[in-house]
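Spelled out, the chains give:
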Amino acid sequence: MASDLSGLGRFADSALLVLASLADGPKHGYAVMRDVQATANVRMGPGTLYGALSRLEGKGWIRPLPAPERRHPYEITASGRKVLLMECTQLQEFARSVLAERPG
Amino acid sequence: MTGRWARLYPASWRARYQNEMTEVLAEVPWSPLAMFDLLRGAADAWANPEEREKTPGSAPWLASWATAVSLVALAFQVYRTISIPVLVPVGMFGWWWIPVVAKSALAALLLLFGVWLGWRERWRAAALALTLGTGVSILAEIWNSGPFGPPLPVSLVGTTIRLSPAWTWPAFSFLLQFLVTALAIGICVTAAIRTSPDGAGGASPASMYR
Chain A
1 MASDLSGLGR FADSALLVLA SLADGPKHGY AVMRDVQATA NVRMGPGTLY GALSRLEGKG
61 WIRPLPAPER RHPYEITASG RKVLLMECTQ LQEFARSVLA ERPG
Chain B
1 MTGRWARLYP ASWRARYQNE MTEVLAEVPW SPLAMFDLLR GAADAWANPE EREKTPGSAP
61 WLASWATAVS LVALAFQVYR TISIPVLVPV GMFGWWWIPV VAKSALAALL LLFGVWLGWR
121 ERWRAAALAL TLGTGVSILA EIWNSGPFGP PLPVSLVGTT IRLSPAWTWP AFSFLLQFLV
181 TALAIGICVT AAIRTSPDGA GGASPASMYR
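For the protein sequence lines, the chains are A and B, in the order given.
Residues 1 to 104 in the working numbering are what the first sequence lists, from first letter to last.
Residues 1 to 210 in the working numbering are what the second sequence lists, from first letter to last.
Please keep in mind that the hints were generated in silico from the structure rather than gathered at the bench.
Incorrect hints may have been included.
[As the list claims (entries may be wrong)] Covered, in the sense of this in silico footprint (three residues per stretch, anywhere, with C-beta under 8 Å from a C-beta of chain A), are these stretches of chain B:
no. : region
1   : 20-29
2   : 38-44
3   : 104-115
[Stated by the list, open to error] Counterexamples of contact, computed for chain A against chain B with all Cβ distances above 12 Å:
no. : residue
4   : Asp24
5   : Gly25
6   : Met33
7   : Glu75
8   : Lys82
9   : Glu101
Remember, it's a predicted structure, so these values are computed and weren't measured experimentally.
No residue lacks a Cβ here, since even glycine has one placed at the ideal position from N, Cα and C.
Build out the structure end to end from the sequences listed, making use of the hints.
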């Protein structure tokens with residue numbers, strides 16, 4: 001099993017946004033959508049959101065919490081946090097190298 | 001809209017996510033982009049190997065579209081048998097659009113029927129059999145009607161065409177394909193019903209959490 005998001009194909013970017021959204025606490029699907037739009041200015045459709053959620057759940061990087069109503073809140077797992085940290089570190093290093101080469 | 005769109009997804013996926021996605025869809029404004037996103041999500045769900053493993057009788061998309069394509073091919077066979085009466089208005093009145101519309105409508109109807117047929121759990125095996133049977137007979141017919149060498153002995157249709165008077169062959173061809181297809185469907189439906197008495201596929205929500 002791939003330990004990074006590259007194995008998720010077209011859902012890699014959406015999955016990163018979902019993990020980032022869940023990093024500050026459990027949320028249900030619609031709350032994740034709104035959070036992603038507010039923080040990253042990305043409008044995620046329901047098909048993409050649930051494609052990413054199902055794959056993240058399959059990898060064990062998020063888990064559903066018991067739901068009092070029809071929608072489940074999801075929380076990020078310890079392995080999900082590791083993946084998020086690794087992806088963010090890679091992005092940070094990429095940004096640093098680009099800024100170092102082209103500071104202007 | 002939500003319930004109908006959910007049917008696009010695999011049964012195991014619906015069992016797990018349909019309820020909460022219904023809630024989300026109730027909050028999201030309808031738009032062509034949202035529809036496209038749902039369609040794309042459904043295609044991804046079917047393409048996801050983990051989702052396929054949870055749904056017995058895999059590759060329904062393949063079955064649907066392959067059947068649809070074969071039914072379109074069959075539609076052209078049907079069209080050939082009715083082309084003379086359909087073409088009469090063209091010769092008499094110059095209504096060139098009649099055969100174009102008739103052929104397209106027939107193909108579209110059969111395409112939709114093929115997709116629908118391939119989607120049914122119980123009919124999936126029949127759909128694949130229909131695809132294979134129609135595909136093989138049409139390919140054999142094309143081979144036997146062209147300058148490609150010796151006729152294929154495996155083609156019942158081609159053999160019939162060669163042995164029949166010229167004016168009867170389209171009718172024979174269609175009748176034989178119909179009979180062969182009906183036989184294949186009958187056998188496969190019987191087998192499918194025996195192996196899947198409830199006709200349902202997919203896992204329960206509880207089993208998907210394990």
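Consistency of the hints with the structure:
Counting residues of the region 20-29 of chain B whose CB lies closer than 8 Å to any CB of chain A gives 8, so the stated coverage by that chain holds, three being the minimum. Here's how the region 38-44 of chain B fares: 6 of its residues keep a CB closer than 8 Å to some CB of chain A, so the rule of at least three is met and the hint holds. Three residues within the 8 Å Cβ limit are the bar, and the region 104-115 of chain B against chain A gives 0, so the coverage statement is violated. In this structure A:Asp24 is separated from chain B by more than 12 Å, as the shortest Cβ-Cβ distance comes to about 20 Å.
Its beta-carbon lying about 18 Å from the closest one in chain B, A:Gly25 satisfies the requirement of being farther than 12 Å from that chain. Under the 12 Å C-beta cut-off, the non-interface status given to A:Met33 relative to chain B is violated; the minimum distance is some 7 Å. The non-interface label for A:Glu75 is consistent with chain B: the shortest C-beta to C-beta separation is roughly 14 Å, beyond 12 Å. For A:Lys82, the requirement that its beta carbon stay farther than 12 Å from each beta carbon of chain B is met, with the minimum near 21 Å.
Under the 12 Å C-beta cut-off, the non-interface status given to A:Glu101 relative to chain B holds; the minimum distance is some 36 Å.
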